[in-house]
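From just these sequences and the hints, can you work out the full model?
Read top to bottom, the protein sequences are chains F and L.
In terms of this note's numbering, the first sequence is residues -15 to 423.
In terms of this note's numbering, the second sequence is residues 14 to 79.
Among these hints, one or two may not hold up.
What the hints assert, rightly or not - What follows is a set of in silico ranges between Cβ atoms, one per label pair, in the way DEER data are often shown:
(1) L/17 x F/266: 32 to 42 Å
(2) L/70 x F/246: 51 to 61 Å
(3) F/295 x L/70: 46 to 56 Å
(4) L/17 x F/352: 13 to 23 Å
(5) F/6 x L/70: 56 to 66 Å
(6) F/279 x L/77: 34 to 44 Å
(7) L/26 x F/295: 45 to 55 Å
(8) F/176 x L/17: 20 to 30 Å
(9) F/379 x L/70: 39 to 49 Å
(10) L/67 x F/35: 47 to 57 Å
(11) F/279 x L/28: 37 to 47 Å
(12) L/70 x F/176: 22 to 32 Å
(13) L/26 x F/23: 49 to 59 Å
Simulated from the structure, these hints should not be mistaken for lab results.
Glycine included, every Cβ here is placed at the ideal spot set by N, Cα and C.
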Amino acid sequence: MSTANGGHHGLPRLLAGLKPGGRPMSLAAHHRIHGPVPSIAPHQLIEEVERSGLRGRGGADFPTARKLQTVADRKRVGAVVVNGSETEPASAKDRLLLARLPHLVLDGAVLAARAVGSSEVIVKVGQNATDAVRAVDDAIMERESERFRMSVLTGPDGYVTGEESAVVHYLNDSTPKPTFIPPRPFERGYRGRPTLIQNPETLAQLALVARFGSRWYRELGTVADPGSALVTITGAVRAPGVYELAFGTPMADLLDAAGGRTEPLQALLVGGYFGTWVDASAAVALRLAREDLRSVGCSLGSGVLIALGESACGLHESARVISYLAEQSAGQCGPCVYGLRSIADSVGALAGGVAGPRERERVLRWAGEIRGRGACHHPDGAVRFVESTLRVFASDIETHRRGRCTARPAGLPLGGSAVEPPGSRVAGPLAGARRGLVR
Amino acid sequence: MSAILRINPIACEAHGLCAELLPELIRLDDWGYPILDEPEVPPDLVGLARRAVDACPTLAVLLDES
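Encoded structure:
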């Protein structure tokens, strides 16, 4: 069923037409499903995006229309950069979009470029995401007749290489490290010009808003959080993968969408490794909506949800993650380099049962002191994770001191190693599914 | 007239001179890096803040005067 202007009702939206384990969607198939890209005046597009309420899906939640307008207001605008770095180890949504639905992302990129007065699109992808690189490369070839400058750039992996200023730094002189801001990319970015950087999902959503309008976009979701979102659900669920869900969906339904839990849960990690642990009993009462998540001190971040089963040890798993985050520092700012290393060692000691409440207090002090003192937000995200670890798993510290932890390793994904490439496995029925779901 | 103090954390190498010269606003963390609890500089400290800016060997202390 379609609306007057052609948009499908319900879900899936972004993932419409996606076949299990298949190849990237061709331009012809993409046009069959979504129709051609409409010609829409730059200011009209920005207004429509504004009315849709679309926000950035890379983790910062920034209103997309405002970002577009900020760049559009500037002179000599440079490239539009699709930031497909997706360095969050547990996240797989951007790679899924780029590897399987490249034309939807490119549509959004070209539309955004026209809206801000740019004539070039650069898609930045992590070098290990070879399927995404190939798919986008092929998709650009398919669109040669558009005569729009588009290219793919691969970059090194590493948690902070996906940060906006690090992407610009890498584009400009091959150094994938964050820079001191200001200037921000929209002020001085690629080749010194105002640069729009957007997450692939944001652009894919924008491509649909441009086609079907803000009213259609708002048919799903809540007033404050309209539309749908791609969520990577992993951990103690039967069918980990990338799912498209409407904002406002209860957490319990999210877990059901991923095949349901494999065991009783003790906590959910909302927002990935820059995110927040939430006690399972509190978490299942939440909806996928900013206000609900904010009420327990978290945000959706890059759309990662990790379920921790009761058989696992949250303290032990978190210690591994914190250690990983410390290693992932770009090594530029003292508070991040030394602070995160010290915190990681201390949390390791707490998990190992050789430290107690005083060490916990010290870690909390460090966390408070480190916040806001890096050039980028890497230390901020890391200490948010640390603080929620010490809050949610506080009672485990005493248990560990008495040497009574009997948990089994849950093996949270680190460095992308445990996350299979999207499309390698499909969970559940795809055709006509209420919730688009693919792994 | 207000003045805002900032640290460029990439440039900072924990020499610690800023905290010596401006302990009213700058303290050091456990690794010797400066912590600014309140970036706004009161008028009577602006002179000392300028001295801290000048003294930093890596030019990591910035004072935005407007």
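Against the structure, the hints come out as follows:
1. Between residue 17 of chain L and residue 266 of chain F the CB atoms are about 39 Å apart, so this pair conforms to the stated range of 32 to 42 Å.
2. Take residue 70 of chain L and residue 246 of chain F: their Cβ atoms lie about 56 Å apart, and the range 51 to 61 Å holds.
3. Distance hint check for residue 295 of chain F and residue 70 of chain L: the Cβ-Cβ separation is about 53 Å, which falls inside the suggested range of 46 to 56 Å.
4. At roughly 21 Å, the beta-carbon separation of residue 17 of chain L and residue 352 of chain F lies within the given 13 to 23 Å, and the hint holds.
5. Taking the beta carbon of each, residue 6 of chain F and residue 70 of chain L are about 59 Å apart, inside 56 to 66 Å as hinted.
6. A hinted range of 34 to 44 Å for the beta carbons of residue 279 of chain F and residue 77 of chain L is consistent with their spacing of about 36 Å.
7. In this structure, residue 26 of chain L and residue 295 of chain F meet the distance hint of 45 to 55 Å, their C-beta atoms being roughly 46 Å apart.
8. Taking 20 to 30 Å as the suggested C-beta distance range, the pair residue 176 of chain F and residue 17 of chain L conforms, at roughly 25 Å.
9. The hinted range of 39 to 49 Å is satisfied by residue 379 of chain F and residue 70 of chain L, whose Cβ atoms lie roughly 47 Å apart.
10. Distance hint for residue 67 of chain L and residue 35 of chain F: a CB-CB separation of about 51 Å, consistent with the stated range 47 to 57 Å.
11. About 44 Å separates the C-beta atoms of residue 279 of chain F and residue 28 of chain L, a value consistent with the hinted range of 37 to 47 Å.
12. Between residue 70 of chain L and residue 176 of chain F the beta carbon distance is about 29 Å. The supplied range of 22 to 32 Å therefore holds.
13. At about 54 Å, the beta-carbon gap between residue 26 of chain L and residue 23 of chain F stays in the expected band of 49 to 59 Å.
In this structure, every one of the numbered hints holds.
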